Amino acid sequence: MKLEDLKKIREKMEKETNLREGKGRIKAVVGMGTCGIAAGAREVLSALLDEISKRNLTDIVITQSGCRGLCDREPIVDVYEEGKEMITYGNLTPEKARRIVAEHFVNGNIVKDLLVSSK
Amino acid sequence: MRDLSLHILDIAENSIRAKAKLVQINFYEDKDEMRFEIIDDGFGMDEELLKMVLDPFFTTKDERKKKFGLGLPLLKQNVEQSDGKFKIESKKGAGTKVFFSVNKNHIDALPLGNLEETLWILMTVYDGVDIVFTYEKNGSKVKIDSRELKEIFNGMNLGDPQITGYIKQFIKENLNSIKNQEAL
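As you go down the protein sequences, you meet chains A and B in turn.
Going by the working numbering, 17 is the number at position 14 of the first sequence; the sequence numbering is gapless.
Going by the working numbering, 791 is the number at position 152 of the second sequence; the sequence numbering is gapless.
Hints listed in this document are in silico derivations from the structure and should not be mistaken for laboratory results.
Keep in mind that this is a model prediction, so the values were computed, not measured.
Ideal Cβ placement from N, Cα and C applies to all residues, glycine included.
Keep in mind that a hint or two might mislead.
A partial selection of chain A residues facing chain B, derived with a Cβ cut-off under 7 Å [said to hold, decoys possible]:
1) Ile-40
2) Ala-41
3) Ile-55
Subject to a maximum C-alpha distance of 20 Å in a straight line, what follows is the list of computed EDC-like cross-link-like pairs (lysine to aspartate or glutamate) [said to hold, decoys possible]:
4) A:Lys-57 <-> B:Glu-755
5) B:Lys-811 <-> B:Asp-769
6) A:Lys-11 <-> B:Glu-812
All chains, please: the whole structure from these sequences, using the hints.
Following this line, the structure appears as structure tokens:
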């Protein structure tokens, strides 16, 4: 795949869909300090990105932060949703991250067994 | 840290926290050796701080309770124990350069790991920074530049669900075109 191929993809997408930046109904923040990376945060982040890409969830933004002082519960994802309390999921794996996308981001149900805290 | 690709992510993450605008990751490979340079234009460090970053019990991350910064010291230790080299240079206000090499034949050498995932994550979820990756082997060279990708997608975030799958595929194919060659 060359840069020209990507250009063609963009042109095709522009014709078929309304290519635009998402509004960000939900923001998911993955802890990517050394502790997080060592515990598997890259794989969790990758699974989240992959899942929202496959489902084309344009209103979800996946981003990162440094270590947030919960190193023993890494990999961690903080979920910020408009008008709701922040939720923290911990001890994640790629499979658990995909569950969060399906159950929480799509269906709107908090995944209780993965919760660290809610404050 | 299980492999080199995770260390590279960790080092680049330090660069980004040092407010780097551009992080260059250069990878050279031959039959016996893998060499890496990670060069940033972030805050940089003075000599005193530079000495401290290799101390396993030092970190700049004040907000945290446990002040352990283990990333670089662990990499240095591992690399040096397996016949490789490790060097870090920095200038306050100018940026930092980390260099390390790995002897592929040493039994304790860390494996490369999933470099494609490291690059994808670096190019998609970190705002305000660009990544230029080069890979040289057997006289061929591959370059992946996040600035070129952003230009194609009119400045869109490369992590956007509509396009990020293509970005991942682009990185993977370009990386594998050279990675899968046997090193001479």
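Results of checking the hints against the structure:
1. Ile-40: 5 Å, holds
2. Ala-41: OK, holds: Ala-41 of chain A within 7 Å of chain B, min 5 Å.
3. Ile-55: At about 5 Å, which falls below the 7 Å cut-off, the nearest Cβ of chain B leaves the hint on Ile-55 of chain A intact, so it holds.
4. A:Lys-57 <-> B:Glu-755: 18 Å, holds
5. B:Lys-811 <-> B:Asp-769: 18 Å, holds
6. A:Lys-11 <-> B:Glu-812: This hinted pair holds, its Cα atoms lying about 17 Å apart.
Of the numbered hints stated above, none is contradicted by the structure.
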